[in-house]
Structure formats: structure tokens, C-alpha cells
Amino acid sequence: MSRRRRVGSVGIVAAVVAAVAVCSLPCLAAGSWKIGAQVAYVDGETGIWDMHDMEMLNETDGITVVSKRAKYDRDSRTVDFIDSVRVTQSGTVVDADSGSFSTETNTGSFRGSVSLVRTRTEEEAYDMELTCEELDLDASTGSFVARKNAVLRYIDEDGEETILWADQMDYDGERRILKLTNVSRASSPSLPEGSQLAARTMEFNTETGDMSFTGLDLVLTESDEAEAES
Amino acid sequence: MRFLDRKWIYAAIAIAVVIVAAVAAEVFDDSDSGGGSTDLQERSDENFRAQSVEVWRFGPDGRRQWEFRADSVVVGEQATYRGIRDGRLHSDDGLLTFEADEVVHDESTGDIIMSGNVTVCDDKGNSLRTERILWDSDLQVMTCPGPVVLMSKDVTISGDSMIGDWSIGELEIAGRVRVTWQSGGVLTADRVVYDTEDESAEFEGLWYDDSM
Chain A
1 MSRRRRVGSV GIVAAVVAAV AVCSLPCLAA GSWKIGAQVA YVDGETGIWD MHDMEMLNET
61 DGITVVSKRA KYDRDSRTVD FIDSVRVTQS GTVVDADSGS FSTETNTGSF RGSVSLVRTR
121 TEEEAYDMEL TCEELDLDAS TGSFVARKNA VLRYIDEDGE ETILWADQMD YDGERRILKL
181 TNVSRASSPS LPEGSQLAAR TMEFNTETGD MSFTGLDLVL TESDEAEAES
Chain B
231 MRFLDRKWIY AAIAIAVVIV AAVAAEVFDD SDSGGGSTDL QERSDENFRA QSVEVWRFGP
291 DGRRQWEFRA DSVVVGEQAT YRGIRDGRLH SDDGLLTFEA DEVVHDESTG DIIMSGNVTV
351 CDDKGNSLRT ERILWDSDLQ VMTCPGPVVL MSKDVTISGD SMIGDWSIGE LEIAGRVRVT
411 WQSGGVLTAD RVVYDTEDES AEFEGLWYDD SM
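Taken in sequence, the protein lines are chains A and B. At the far end of the first sequence sits residue 230, using the numbering used here, and the numbering has no gaps. At the far end of the second sequence sits residue 442, using the numbering used here, and the numbering has no gaps.
Here chain B stands alone, though its shape is the one from the complex:
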């Protein structure tokens, strides 16, 4: 019974998130609002008021899943936010911060799709750059269908796509993987699985140029 009560509380919190977003949307001049991403692309930014919106989401377990600030929002079938900053993804492996041009929030699942100049950073100073990321809030899985570039202090890794399971801290980069060391040396591979916990990696189809 107590559990049910908590569950209802969390559900209420989740609903509150949506209400916050909706209230934020209300303050806009929505005379042209039609909802849907197609309409959104057709409209110019002049139609939106610059409005700082703060959005967050709690999961069914009461854990904060993500949060961010946006310059503007359009609420239709999906909530579309623009000018994303101070984004945070909460995972079992640690906190990730992010920025993007746009975030689409699927309210039915809680998942978000970040797109346009997406940058994700971890607390160790490593960063990820790509054009599109699907973040599965419940599973804590990050899917990057397009090219990715990961940068750390001394290594840059690029690849055609990436799937990151942040519940276990495992990143899999596939397709034309290229690792470049600041100190010299370039490695190419078909696939790499990187463990963010112990920083170990498993490469398939590896070639390394030892020339300095």
C-alpha cells in the first residue's frame, strides 16, 4: 500500500514536469503553433519568444533521469525544445552534461532525442560530439546513429555510430573507428567497446600506425 502511494507520488511528479513544460508553452505567442516537428522546421525563430524553460523528469523509481534549460519550447504531439543548455543526464555511471540545438521529448516514454551540435561531457573531462542522440531514460542507453567524436585529454576517438549503455558504463563505437593520440600514433578498427569504469577497451579488426 505504501509502495503504491510512492508510485502515485512519482507519477504526480512526472505529470508535474509536463505541466511545467505546458505552462512554459502558454506564455509564448502561440498564434502559429501547430505542433509537430515539420511545422516547427517551417516556422522561423522570430515566432518564438526567448523564454528560459527548465525541464526535468523523474523515473518510476523516483530517480531524477534528466534535466535541461531551453530557450523555447513547442508543445504538440511531442514537446520540442530549442537552445538547450545546462543539460544533465543522470546515470548509474555518473552525471553527464549536455548541450544541443534541439531536444524532442517523447512524453509517453520519457525518452529524449537531442539533435544539432550535440555535446555531452562527463565528470572526467571527456566529451562526445555528434549530431543526434536518442537517450533512453529508463535503460540509460544512449544511441548515436551518426558519426561521433569522443575527446579526452590525450586521445580522440571517432566512429560511424555509437551505443552507450551508461547503466554499466560501456560504450560501443562501430564503423571506421579511429583513435588518435596527441602524442602520436593512429589506430583504426572495425569496432571498439570501451569500459568507462576501468578505461579498458576491446578492439576488433585493429590496425595501429606506430610512426611517431
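With the rest of the complex left out, here is chain A:
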């Protein structure tokens, strides 16, 4: 027994979206990269390096990338991660089944089971996990686009968990704006039990806290609605 209401501006939603305010990703700024491997085979014809137990370091920005197996094209300065990849920077870890990264443009894409996990620190008391099947990363700006079954999970300092499902999540690292497209579901202690939230787009400025929605739908149960009205 529920009734759908279109909401222009809803305080409850603000609480949900506030969860993503602290979203941050590794900002792989441009810098010198060092590439290492236990063993590497260099094809004389193509010049491609087939590296096992590969490691990439950007000491300037404290970034480490490891992969069980990766191929590096020295001409195009592109690394293809064939067997797993992990990017680590300042407590943020990106894991993926495969992917590629250009050390020239500092852009990369990750595929398969992709996760971005940020564990809480003294400065930022929250845990965050973004999962998806495709993640494109612009390392020089820290921007990313997460596609296919993108789910953002956030646990605040009180241990309360907020989860957002969307078709796509775009984070503009320069403007620090997170945009979620086709938000299909939200789960948060801030939402009344049984209620559902959906929106065509949701934009959040992670610096100012400003947010905007288009096509926002909030579905409340009748009891919740009465409670909300009271």
C-alpha cells in the first residue's frame, strides 16, 4: 500500500545525498612513472612488454599500481592490465579485473568487477565503496565515470549505511561535482522504511553541499506519508 508522490525539493533526499559529499577518488596527477616487473618479455617485432607481477609507481603523488600480468606499449605509453589491477593512493584502493592506463595522458579505464574503496581516516570518518563494471578515470583531474550497475555505498561515523544505485556516476574532479544519472534506488536510514527514491539526475557539489535534481520521485508508504505530514 504505497502512493507515489512527485517531490520538488525534499529534505529527506538531502540527507541521502549528503552521503556522497565526501566522495573522493585517487587524484593521479601527472608525474613521472616507474614501471617494474619480476619478469618481462619484450617482443622484438611489436615492442610490447609482457610483464608478470607488474608494479607502477608515481612517487610524486604516492600512487602504486600493481597487476599480476600487464602489457606495456612503450611507443604509446599505454599499459593494458590483463590479469587484475589494483590502484592505491592515500587510503583509496581501486580494484578491477582488467583495464588500461596511459602514462602519457594519465587516463585509464577499468573493467569487470570494479570497486573503489576508501576506508575511514582520522580526518575523514567514513567508509565508502563504489562498485561498477566500467570505470573511466582521468587521473590528472581525479575525475571519473562509473557505468553499469554503479552502486555507491557510504557508511558514516555512526555506522549508518546509505546506498545509491544509478546507471552512471560522473565525478568532475576539477569542479568537485558528482552527477548521478538515472538513480534507480536509494537506501538510507534517513528514508522512511519501505519508501523508495528515484531521480533522472542528481548533482551534488562536494565542496559547497549544493545539490539539484531532475525527475525526482519519492515513493512513501501511506503510514510513512501520514507520519511525514504530522
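Careful, some of the hints might be misleading.
As the list claims (entries may be wrong) - Heads up, incomplete: computed chain A residues facing chain B, CB under 10 angstroms, no partners named:
#1 Ala40
#2 Glu45
#3 Trp165
What the hints assert, rightly or not - Not close to chain B: a few residues of chain A, all C-beta gaps over 12 angstroms, as computed:
#4 Gly36
#5 Ala37
#6 Asp43
#7 Ser84
#8 Asp156
Hints in this document: simulated from the structure, not taken from any laboratory. Remember, predicted model here, so these are calculated numbers, not experimental data. Glycine is no exception: its CB is placed at the ideal position from the N, C-alpha and C atoms.
Could you slot chain B onto chain A? The hints should help.
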């Protein structure tokens, strides 16, 4: 029987090489000749006549193994040649040319030891520089116990030592291997095995600096 005949012919040719070297030595003023590398180092070059000597060696299979010209030679327990030029090492992987300050020829094995400013070049324009090379004539294996520098058109490779098996075209460079590209980028490794046939390489303990 025929095979035995050929074998004797080759042996005769090998002996002829030694005779050529010996004859060359005869033309020198050998009043101070004592043989042995120690004596050689103690003597000044003034004691040798500048004499062009051409030496070559055939292996038991009739294959020409190496040849070179030398400014001078001392024949003792081993033949020691100085001022080496127009050197050639014949291998299954192709022809190598070389120059060196000195070559010592072990007549019992046919092996030669090149030393002093040794430069070896292949027919692709790649060069190897080192201070000492032992060339195993039969096995076609080159052993460089000291630092080596290999240079090609766009890459320079250095390392603490090298073993090159030219029967299969495989070079193994070990110890502080460093690869520098003309276009930029430096690679270091513990060890590299390079295949001269397909120009592929296998690195161990690799680190590459991607900065241009």
C-alpha cells in the same frame, strides 16, 4: 676413410695457421723474446717491429672460426698478438667483426682472448665494447667477465658482464643492467637475455623510468 682424409686435411690447415704465425714471428727481432704474457708486459713496444700479420683458424669441421690482422706477435706458450684490426668471428648467427689492443691465442683449444678496448660489431650495425672477451671457437660462446656496453641505433645497453652464445644468437647480460633509449626512458634490471634472431628480450627484476 674419406672422412679421415678430410679430417687430416683440416688438421693440416690448422697446423698451417700456427706455422704462419710462427713464420711471422721469425721475421721479428726476437733477441728479447722470452714468451709468456708477463714478459710481454715488461717489454716496450720498441722491441717489436711493426709487422702486419694475418692469422686465421679453421675448426675440425672445416669451418673458418676466426681471423684477424695484427701489428705484432710474440710466440711463446701462447701466441700473443697486438694491434688487432680487421678481426672476424664466424658464427652460426652471422659474421662479427672486432678490434682490440691484444689477442692471446690458445693453440691447444683454438680459443682467443681479446683484451684492451675491445669492440665487436655485427652486420646490423650493433656494437659491443668491453675490456676483455674470451671467444670459445668451437662452441661460439663469447664470455665478457667485465662491464659491457652494447650500442644500437636507438638503444644502449650496459651491464656488469655478458655471455653470448652465437650458435643460437642469445646474449645474457647480468648485473646492473641498464637500457637507455635515445628517445628517452631508462630501464634497469638484474638480468636480460636477448635473442638476436627476433630481437626479443627477457628481463628479470625490471624497473623502467617512463619520464621522457
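How the hints compare with the structure:
Against a cut-off of 10 angstroms between C-beta atoms, the interface hint on Ala40 (chain A) holds, since the closest Cβ of chain B lies about 4 angstroms away. Annotation: Glu45 (chain A) was flagged as interfacial toward chain B, and the flag holds, the nearest CB pair being 7 angstroms apart, inside 10 angstroms. Checking Trp165 (chain A) against chain B: minimum C-beta separation of about 38 angstroms lies over 10 angstroms; hint violated. Some Cβ of chain B comes within 12 angstroms of the Cβ of Gly36 (chain A); the nearest lies about 4 angstroms off, and the non-interface call is violated.
Its closest Cβ contact with chain B, about 5 angstroms, brings Ala37 (chain A) to no more than 12 angstroms, contrary to its assignment away from the interface. In this structure Asp43 (chain A) is not separated from chain B by more than 12 angstroms, as the shortest Cβ-Cβ distance comes to only about 6 angstroms. Every beta carbon of chain B lies more than 12 angstroms from that of Ser84 (chain A), the smallest distance being close to 19 angstroms; the non-interface claim holds. Annotated as non-interface, Asp156 (chain A) keeps its C-beta farther than 12 angstroms from every C-beta of chain B; the closest such distance is 39 angstroms.
Hint compliance for this structure: hints 3, 4, 5, 6 are not met, and every other hint is.
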